[in-house]
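Peer 1: Next come the chains, spelled out residue by residue.
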Amino acid sequence: VSQQSNYSVAHTTSGATSFAVIVTALTLTKAIAVTPVLASAFDLSAAKDVSPVGVHYVSISRISDLLNSTAIYALLKLESLANSYPNLIDNIDDARIFAKSLPGDLVRPEIWTDAESEIAFEWKHGSHHAMVSFEGNGSFGYAIRRGNRFVPGAFPGDLKAGIPRDLVNYLSGKTSA
Amino acid sequence: MTRCGCPKEGSQQSSHSPSSVEDSEPLVFVTDRDIADHSLKMFHNGKLKSGELSVCRASVCTFEKMYDQVVGTDRTSPKMDYKGYMWALAGEVRGILAKRNNARDKTPHLTPKKVGAFCVVDDGEPDYPAHACLGYAHPSGDFWSLHETVAARGDLLIAFQTRGMTRDVATPPFQALPAPAIDPGSEKL
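Chains P and D supply the protein sequences, listed in that same order.
With the working numbering as the guide, the letters of the first sequence map in order to residues 1 to 177.
With the working numbering as the guide, the letters of the second sequence map in order to residues 1 to 189.
Where hints are given, some of them may not hold.
[What the hints assert, rightly or not] Below are the DSS-like pairs computed for lysine-lysine, each with C-alpha atoms no more than 25 Å apart in a straight line:
#	chain 1	residue 1	chain 2	residue 2
1	D	K99	D	K8
2	D	K65	D	K99
3	D	K83	P	K124
4	P	K100	D	K41
5	D	K113	D	K83
6	D	K41	P	K124
7	D	K8	D	K114
8	D	K47	P	K124
9	D	K99	D	K41
10	P	K77	D	K8
11	P	K174	P	K100
Worth flagging that the hints you see were computed from the coordinates, not collected in a lab.
Sequences and hints are given; from them, build the entire structure.
Peer 2: Right under this line is the structure:
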């Protein structure tokens, strides 16, 4: 067990469940670098924590799922943006709440900022094009391209409600572009 | 369609502009992105809020003038990574609608259900009379939901993409260069 400058390192332990050593793999190290985010996102605080330096024990399958998930991808990206754009912390906090609701196997969005007023998740694949915008006001806006126009989202931009159903269906191909 | 959010469209705003912007005018939007990378990011939200998203009024400008102003004359140190331009008519941009937010509208009886999302305003500069700006008709965010402004920006992208992207001089949208003067002496042969 060791404590890095800005992240914790977890290791295996014995017991009925297989636990992962999350020390060496680069992707894992990156993930650990945002342990507080992961912990809040996926309730890792409920995982066993027996170390004075704050170690999280997570099952191997769980870790694998987390690291491959679109949500983790988004949270890592937002962590990077938070370091570069402290002026957009309200936007990023809203985007984090939203990111946690992304299904693990959802197509990954491009995540960008205009550096002044907006954080956005944008999906472009084939004829599909959709965007979610965070302006730091505790909600989000979104629109979906259908044919030759963009259609405003059908559900309120409620962060607590997570990703809207029409957007998930669209991005997963259940509704056409 | 109401233009209630765009009072500046009604008259010329800059003494350097040739006029206010007519619906029939082609507006050129220059981009540093290849067409495969086109994104709503190209239509900067902050600039749209402040009414400062630059376009070129191509009917009163040459391609060369636009290029010099936007990209610069120093080919070794361009102002931007020029990838090309797209264009749309001002009337098409003005024709993009957004539905007002009933919940936040304090005077719903005075406001039509759908309004033009964007204003197109002349903003001629001393060395660039063809400069114009796009902006949200109602930038405060109280007038319509964020869903509507995202959709409007998407429609703005589609409006500019409709005719494809071009890198070089083309008429339209740019004004045709005057025919070169013919040397009378050259016709004697």
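Peer 1: Which of the stated hints cannot be reconciled with the structure, identified by number in ascending sequence?
Peer 2: 2, 5 and 10
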